[in-house]
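Produce the entire structure from the sequences given, and follow the hints as far as they go.
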Amino acid sequence: MRLPPRSWLRLLLPRLRVIVSRRSEGHTLQSAAQAGLAWLRRSHEAAGDGGIPAFYDLLRDAWAPSYPETMGYLLPTLLRYADRDDRAAVGPMAWELAEYLLRVQTGEGAIPGWGPNAAVYIFDTGQVAQGWLAVFQATGDPRFKAALIKAADWLVAQQEPEGYWSRHQFGGHIKTWDVRVGWPLIQAGVALGRAEYVTAGRRCLDWALTQKGADGWFTHCALEPSEPPVLHTIAYAIEGLLEGGLLLNEPRYIEAARRAADALLARQRPNGSLSAHWGPGWRPLSRSSCLTGDAQMALCWLRLYQHTGEHRYLRAGRRALVFVASTQILDGRWPPVQGAIAGSWPVWGRYLRWRYPNWALKFFLDACVLLWQLEEGVQP
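Residue numbers (numbering that gives the first Met the number 0): 0 to 379.
Take every hint as true, because none was put in to throw you off.
Here are the in silico distance ranges between beta carbons for each label pair:
#	residue 1	residue 2	range
1	Pro250	Ala118	35 to 41 Å
2	Gly376	Thr198	35 to 41 Å
3	Gly331	Arg282	36 to 42 Å
Since the hints were made in silico from the structure, they are not lab data. C-beta atoms are modelled at their ideal positions from N, C-alpha and C, and glycine is treated no differently.
This is how it looks when you write it as structure tokens:
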């Protein structure tokens with residue numbers, strides 16, 4: 000591994016001891032979820048602007064700016080968790096995030112990335128649209144419906160006839176994992192009775208199918224074209240196709256997602272983790288693990304169990320969640336990371352090295368709630 004500069008190393012040494020001693024007796028998925036939710040509340044307080052920071056940076060001992068994209072898809076997670084556990088503890092934060100996102104939406108309906116003078120992006124707008132739909136369905140507040148329609152109209156206007164998006168792309172390249180924009184468009188179209196949104200979402204998912212190999216591998220699935228795909232973006236592609244397919248009852252989309260999920264399941268490590276990076280033919284390229292991707296795949300496998308009844312998906316999902324929970328820092332001597340989940344495990348892995356992103360907890364909480372519902376026999 001590449002060590003940080005000596006000055007940073009002196010800063011990190013006592014904290015690395017905390018990371019090494021992360022485990023706690025009696026740690027369960029329930030306690031892990033509660034600790035993660037507490038971390039989200041602390042990060043919300045640390046932001047000071049009504050948002051949630053993108054991540055906590057271990058090297059800089061600092062919080063990043065608030066991140067609209069992930070705050071958007073955190074909203075359904077928080078509302079789902081609030082319904083299950085404690086709305087009084089979770090609801091106020093969700094409403095503040097929703098209001099923050101109204102403030103940052105542009106006049107044309109788009110959502111910017113994070114940081115000052117950020118550009119607007121297709122993916123970010125899709126995730127926030129999904130959050131506004133959840134808030135509108137929970138509250139009936141017409142402001143969120145209006146913001147959702149404006150965002151969806153903008154997304155449809157930017158879409159290429161083939162179904163992908165080439166403008167307003169982070170990094171300037173097309174992405175198969177934009178199916179996680181197509182899925183929110185389908186959700187919005189079904190919920191609001193807007194056929195044009197469903198059509199646009201279908202076009203996106205149909206285009207993604209043209210990027211799939213016989214073994215389920217997707218092209219255009221990396222964060223950067225010069226790098227191998229990270230599990231996080233591969234899981235985005237699987238989730239978008241799976242959820243869009245389940246919503247539309249479209250076997251083509253479900254089968255594409257299932258083929259890719261099966262390829263990863265066959266390569267799940269005994270401890271429940273997966274490689275952080277992958278090459279064609281589903282070749283694992285990393286010793287480290289992308290914890291966000293592990294949680295995402297837990298969620299996808301659990302959804303496949305719900306759809307098929309095949310217990311191998313239930314076992315794989317639970318195993319992945321237990322692994323992610325085992326990496327969580329519970330030591331209270333270091334509040335900025337207590338309850339957090341790192342980008343990589345070990346924390347110096349390639350994906351978000353030395354950082355603790357809010358979206359890792361988003362997918363972890365989603366998967367935990369679904370697992371509990373399945374185990375309790377409750378229809379999600």
